[in-house]
Every structure is written in structure tokens, then in C-alpha cells.
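Participant: Mind docking chain B on chain A? Use the hints.
Number of protein chains: 2
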Amino acid sequence: MTAPALARPQLRIRRVNLDTGRENVAVISRRSKALRPELFRGFSRVELTCNSRTLLATLLLTDDDTLVGPDELGLSEPAFRRFAEPAGSHATVTPAMPPDSLDAVRAKIKGHTLSAAEIDAIVDDLAHYRYSDMEIAAFLISSASFMTSGELLALTHAMARAGTQIKWDKPIVVDKHCIGGIPGNRTSMIVVPIVAAHGLTIPKTSSRAITSPAGTADTMEVLARVDLGVGEMKEVVNACNGCLVWGGHVNLSPADDILISVERPLSIDTREQMVASIMSKKLAAGSTHLLVDLPVGPAAKLTNATEAMRLRKLFEFVGDHLKMSVEVISTDGRQPIGSGIGPVLEAQDVMAVQARDTAAPADLREKSLRLAAHLLEYDPHLRGGAGYMRARELLDSGAALRQMERIIDAQGPSTCRTDLGPLTADIPAPRDGVVEAIDCLRLNRLARTAGAPIDKGAGIKVFKRIGDRVEKGEPLYRIYAFDQPEYDLAIAITNAGTGYAIDGRRALAGEAKA
Amino acid sequence: MTAPALARPQLRIRRVNLDTGRENVAVISRRSKALRPELFRGFSRVELTCNSRTLLATLLLTDDDTLVGPDELGLSEPAFRRFAEPAGSHATVTPAMPPDSLDAVRAKIKGHTLSAAEIDAIVDDLAHYRYSDMEIAAFLISSASFMTSGELLALTHAMARAGTQIKWDKPIVVDKHCIGGIPGNRTSMIVVPIVAAHGLTIPKTSSRAITSPAGTADTMEVLARVDLGVGEMKEVVNACNGCLVWGGHVNLSPADDILISVERPLSIDTREQMVASIMSKKLAAGSTHLLVDLPVGPAAKLTNATEAMRLRKLFEFVGDHLKMSVEVISTDGRQPIGSGIGPVLEAQDVMAVQARDTAAPADLREKSLRLAAHLLEYDPHLRGGAGYMRARELLDSGAALRQMERIIDAQGPSTCRTDLGPLTADIPAPRDGVVEAIDCLRLNRLARTAGAPIDKGAGIKVFKRIGDRVEKGEPLYRIYAFDQPEYDLAIAITNAGTGYAIDGRRALAGEAKA
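The listed protein sequences derive, respectively, from chains A and B. Counting from 0, one number per residue, gives the positions in the first sequence under numbering that gives the first Met the number 0. Counting from 0, one number per residue, gives the positions in the second sequence under numbering that gives the first Met the number 0.
Bound-form chain A, shown alone (with noise of 0.2 Å):
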């Protein structure tokens, strides 16, 4: 029942500046005479078509003739440039029929389970930007509350073909993957260069921060460029063996940015999804080997053994189907790791490291040690037991520290500013005590009001960890920021409560440093 192209008269292409984000927005008269306007509402859908190209977009309706007028059809940056038609061009627009594969959507709803034909279709209409918000948030919601084994690897697989699927001409591509939530914890940086100084190929990808001060690409753009595209991340890893590159510019499993720019606002997040996402991704990376990090503490995404457990039994699941071995360990996440949060700070913590300075962190260095070394017992030339060893030798000999260089030079200079923020304030302790808990959640919107990760030289530097004696007066940790309201709002944030729980009865007790 579709319309012949020559009956409906052509509109000529105009582009709109409107950045709409992800969703195609269209703009047309509602005086256009070539379609009939009433027929249309605001915020329905569209069929763009332009010789033999089409597109679904989301139609806006004006009056004003200087925007849009009556022979004119408007897109928005990001519809204008995924058309990818010259303004000026003839297209016509006629009512969206929704995408076949939204019947799935909707078997789903009623509870049916999906063949991973159905889940490859809804994936390539969602890579294809067919899908508006609301039919992203039906099929994320129809899975949220179920979803079977055979879906999730049905779901994983699709979304890894969707996207850039790297090859690597190496038979062991490692990676690591942290799920996040911990303020600090810029372990990628030191593993990277200790594994590619091995010899072992390490080409990470990181996310920026969204909801956090901070992602390891933000930090690591502090010390080099990071937005690569395929071709230059490979130069970088056939060099160094390794790279630290933001994923965005690298379109690793772009259905999966789809979904997680609409769970990300619901705040749906389900271990089904974390999964299919992080596989997705690995799995189009070319990776063989995994080790993927879950931090457990009170304020973070696991709260118990039991959470992590199931957890991890999901990504062996899916890692031994998908042929990739995975391995996954629990790790402290009651704490902040390193003592910087925000990318100029983490960025020091991690150079400090890697130069074997003596006020470098020591939790960081430990867990990347650690983190390094399962990675480097994936290499069969390595005695088993002898990975933590050589991490240490690969960083202590600074060997380590060359290859970050090396790397950096690879993906070329950093053009950020690198100086901190000129307005700081030492927050005190309330009192005498020893720390007995610190909240991650209060310290990440802390650093992420003084300015992180917009302003790189801002966020939060740590004084004190859990177990440490302090007195009343002491600082706990220092705010840096940039703007005055930042700051000033920071410093309020602080005065309703400091993030830190210290039990003066413990230390008075003298039951301190257990």
C-alpha cells in the first residue's frame, strides 16, 4: 500500500541547524503542498525519500516561512547528514509505516520468546536509526523484565555484527573491562602499557563519562588525542600493541549507543543488557580474551557477593558461546581508587604510577598489578603463576612507563588544558575518628558539580581512606573547580554532609587502622 513516487509532489532539502541528538527530526510547512499537513501531527513519524534512499525521521510543523517554507523540506544536522542528500535536493515525505520488526517488539510485550532472526532484525532497524525513542524504550522495556538465555546471545551476536568489527591478524587479542561506578579506579591506563610492553595486544576502547566526573577516554584525552577512527587505532596498536582510544569515533556496536542513550535517562539497567552491551562490543573488537572487573561495595552498581555472582555467571555464559574466554573477578568497590577524580587528577595519579613516584597511590598500582597480571598469564610463553611478577617488573623497570609514551606519541598530542582548577577548599572532618565508609555515589556528583569532566582540570583529590585515623579539622579531601557557582555549590554539597562516615567511638576505643 505504498503510494507511487510521482504522485507525491517533491520538496526541495533544506538543512536545518537543530542538533537533534540521535532521533532525525524533519521540518515542514504546515502550509507544504506536498503532503497534506493534517494528515501529520507534531512528533509523528516520516518516510524521507530521495532517489533510491529513505529515511525515518520524526516531522516538526512550522509557520514561518524564513525556517521552512511551503516547498521546502527542513532537516536537522543529524538527519541532513545521515540522508547524506545535497541541500537543494528533490525528496518527498510520506507517513511512516513503523519497521516490520517492531511486531517482535510487540510479541515480546505479550511475553513471546524471540528467534534471533526477530532480535537480528530489531537490531538493524535500531543501527539504521528506524526506531524513535518510544519504540527503543518498548523493546528495551519488554526485555527489562525477561529475557532468555538464547535471546541474550541471540541479541549480543546481532549487535556486535552491526557496528565496525575490527579483525586482528594475532591469535590473542586481550581486554579489560571495568563496569564501573568507582570513582578514580584509572586501572586501563596502567594495564594497557605494562600488557602492550609484554608484548600481548591490547587495543581498548573507553567510554566518556555521561552520568560520572570522568571515563578513562576523558582522562587519557588529558595526556593524548583520543578520538581515532578504525584505521588510525590500528597504526597505533601494529605500533605499541596497544591503544587508549575512545570508543565513539570507533562505532564498536553502534545499536548498542542506541539502547543505552534511551536506558540511560529511564535508568533501566538490567544484568541481561550490561551484558549484551560489554559482549557486543568485545566481540566486534576482536577480542579473545577478556577479564572483566566488578567492583562490590555499598555504593556501587553491585552491592554483594550474591549480585556479582550472578553477574559473573552471565558473562561466562555468553563468553563461552561467543568463543572468547572471560574471566571475571570481584574487586573492592567501597572506596575511591588512586587519590584523584576528574581527568587531570586521575591523569596524575596515573603518571605517578607509572614513574615509580613515591606518593603515587598505592591502591592503584596494587589493583593494576593485579589486573595486569591475569591478563599476561593469557600468554602461553609465560610460566603459569608468573603474571604478577612480571607486571611488576614491566612498570618497576619503567618499561611500562616507556610504552605509555610511545603510545601517547602513536595517538599523537593532547590539546587540552591540564592545569587544576584555581578555586580549591580542603574539606575538614567533623570530627576525631577513624574513616569507617566513604559514599562513591556522593563523591562522583561532588567532583561532577566543581566541573568534571567539562572542565579537566577540576574534581576532587582524596586524603583520607577507610581505616585511616583522622582528626577533627583534618582534611579529607580537596575540591577543585573553575567556576564560582560550580564551587560555591560544591562547598554546599559538602556543608549538608562530606561523604564520610567516621566512628569517633572506634578510634576512641583505639580499635583504629584494623
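Worth flagging that the hints you see were computed from the coordinates, not collected in a lab. Hints are not guaranteed to be accurate.
Note that the list lumps identical chains together, so a pair holds whenever it fits in one copy or between two copies.
Here are the simulated EDC-like pairs of lysine to aspartate or glutamate, each with C-alpha atoms no more than 16 Å apart in a straight line [stated by the list, open to error]: (1) K109 - E271; (2) K32 - D482; (3) K109 - D268; (4) K471 - D425.
Facilitator: For chain B alone, kept in the frame of chain A given last:
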């Protein structure tokens, strides 16, 4: 963790000529100093504040100062209207926290049952445009898979309370509702004048077509004005005992309108949501007695008696708890009711029945009399079983026609064109035989393709019904259209299939007119 208002630079409100339908949209410059646009992305949600008023909106970014400058806040038409602050006023923009009631939606996704208080909060946020499309979809889909009877009642109550609630100074206020799907079927426009002529109060609100070729409001609009507000509607009912107005201006159950606007593009249609939708509107409209018409047929919304019974029980359950007297009847939904499909053609049928025209469609007359009889039986003064006779008396005496004319006068004159489309085609039977089935969905789509309801005089006039014997070449129905491309497209659809099943063998065996 809200910023003090003073810390945020102010933006000047500017109206942007974009119709964004239900969604509030704000446009800011990517160079705006009032916020950190890097913190925002296209299609993220923001909270606008001016004086003590707030509004949640979806954000678009622009680099075009002529559209929205760096110190301006652009508001799309619906957002400007709902924010109700004059252009040039100063407002602040902050990232929006999702509505608190989303926690309950997330709990529902995880399989929890919601309390009445949680459902109240969700409906309140929905009705105040605080949910984005994807959040609305999240609620709908989480409820689509499972809803307890307690949740259904709470949702109905909450939706009824969220909008206009009409009180009538009458012990009995009757109403009828058809769940739709059958072409033609304009019984309300005959039932209302009969019941009103008898003296019962019947304040009928109807919908416009969204996916069908006509709603009762579209057809009534051929005869009278239908976009009355609550005050005007009450005046008409006080003067005439009844009315036939569009529900859109009366604002009964606005939360339901918002849910429907997402349900429809997703084609999610659950019994519970249908019942909550209908019953919330009847409750808000002040109805005490309701007759629900459930057409059953192979291309109707209900395809068998079992489905109809389950839906009937849900209506009865909710009616009992709302203290509303609800009667539910199943009717023949195998074919169109009346001969016209499309506003003008349907209005002609309705007036022909009331004028006792010998060519008036007998099926429309009979069904209307039957429904009116049920409603009249609600009158305690009428002897039990006398409803049908009384309805026929009111129709055949011309009392119903005079009542209809009074209602039309009271609502005001129509401003619509009432001519039929000049492009017509009679669609011939492809063979001799007996009509065995008519595909209602196909006829609906055909009438809509021909231009209904936008072109009031476009549509289909049906000549042959189930059981009729036809000869090859004899017209089954006539298409009316105004627009050549739409006409061509309609013809193309009939070439692919008339929508009529004609069984030649049965006709040859002389078994016709069963």
C-alpha cells in the same frame, strides 16, 4: 542538590514557530552562556524555571543566532503555550531530574504491583506533561504485560480525576460507547436524539478519527459545530437533554489522551488500558449508566465471543467498583453498519434514518433502535421491556429528528463543505456469487486513502452486504475522492483486492441469502 536560582544566568524567552505536538521542546544556542551546553545533548530533558513556574521540555541545540541567540531560550509553540510566560521574560534552564514517579514505573518493570498512591503520582505527572515519550512508553509497556484489577481501578480513578470532572444535577445520566473498528456504524448520532427526545440526559462526547476514516465527531461536524468547551456543552445539554460534541475540547482524562498518543504509534492495545481509558472518561463525564457496544467479527477488534466475554467482565468489574451501572453487549462486527464510510456519506445515512427515508440503511436503523432501547430501559418510569417500542415510536414519529435539529441548532452551524468527492469509481464484482465476507480493515484503509476524514466528502458508499447475491460487473461499492493522487492510490488498492469475498460455488448451488 538543586542550584540556587541566582547562580544560573537568565535567558530571555523567545517563541519558536515549531509545532511539536504533545512534546514540550526548548531550543538553546550551543554557545549559550547560561548553561554549559556540553552538559546537555540534543533530546535530553531540561527544566525551565520562570518566577515560580516550571516546565519540563526536550532540548534541541542550534548554532543559528537568528533562530535562538546565546542569551535566548527558544520555546516551541506547545511549550510556549503551556509555560504561559510572555516572550522576553527571563527564565533559567537546568538539567531535568526525571519525575519521582518514574521510580514506581521502574518497580513495575521489575514486576512489582503498584499502590494507588503510586499510580496517582504517575498519572499526575503524565497529565502535567512531565513524562517524555520514552517515559510514557516505559509506563505503558510495563503495564501492558501485567496489571492487577487493583491497579486497573486505581488507574481509572486517577485518570478520571486528572482532568475536567463534570457534575450533572440529574439522578440518571446515560451514555453509550462503542470500542470501534467497524466502518460506518454512526449509531450515536441516532441514539442520542432518541434518548434525549424521551427526556433522559445523554451528554455524548466523541473522538475524531486518528487511524480510521471517520470518528463520530468528524461526522457530526458535517451537521454542526462540535468543538464546544465544557460550559457550552452543559448549556446544550440543559436545553436539549443531549449533545454530540468532540471530547478534545472538554479535557476529560487528559492523561488518557497522552497515553493514547503513545499507545497508537506503538500499536499497543491491551484490554486493561482500553477499559481504564473508556471508564475514566465516562467517570469524569459524570455518567451514571453506560452501555458498551462490542462488535465481534473476523476483522473487528474482537474476533470471537470469548474475547468479548473477557472484555465484558473487565468493564463490569470496573463499573461495579465505580458505582456506575454498566451493561455490555456484543454486536455483529462482520461488516460495515450503514452504507456510508466517511463523514459526509455517514451523515447522509444518519439523517436518512431519522427522516424515515425509504432508502435509509435498515441495519443502521435497527442497531440504533436496539441500543437506544437499552438506554431507555434505564428510565425507572418506563415499563420493563418497553424500551424498543418507545425508541421506535420516537424515531418514527419524527420526535428524534426534531430533537436532532434542536441539538444541531444549539451546538451551532457547521462550517464544513458537505459535497461529495467529484472523482468517483464503482468497483465491480469480479465474479457472480454471494458475498460471504467483507474485510472491514481494508474498507477503512480504502476510505482513508481516498481522503477521509480530511476531505469530509471522500469515502465509500457500500452497495452490497454479506449474503447479497452479485453478478460479475455489478458494483460492490463506490469510491469518492477529491484529490487525483489519492483517488489513483485508492483504485490501485482495489485492483489488488476489493475487500469482498465472493463464493461463486455457493451462489451456483442456490444457497444464497442464507
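Participant: Does each hint fit the structure? Answer for all of them.
Facilitator: These are the hints, each one checked on the structure:
With identical chains, the CA atoms of K109 and E271 are at most 16 Å apart between copies only, with a shortest distance of 13 Å across copies and 19 Å within one. Only between protomers do K32 and D482 lie at most 16 Å apart by alpha-carbon distance; the minimum there is 12 Å, versus 50 Å within a single protomer. For a Cα distance limit of 16 Å, the shortest separation of K109 from D268 across copies, 11 Å, qualifies, whereas the shortest one inside one copy, 21 Å, does not. In this assembly of identical chains, the alpha carbons of K471 and D425 lie at most 16 Å apart only when taken from the same copy (13 Å versus 93 Å across copies).
Going through the hint list in order, the structure satisfies each hint without exception.
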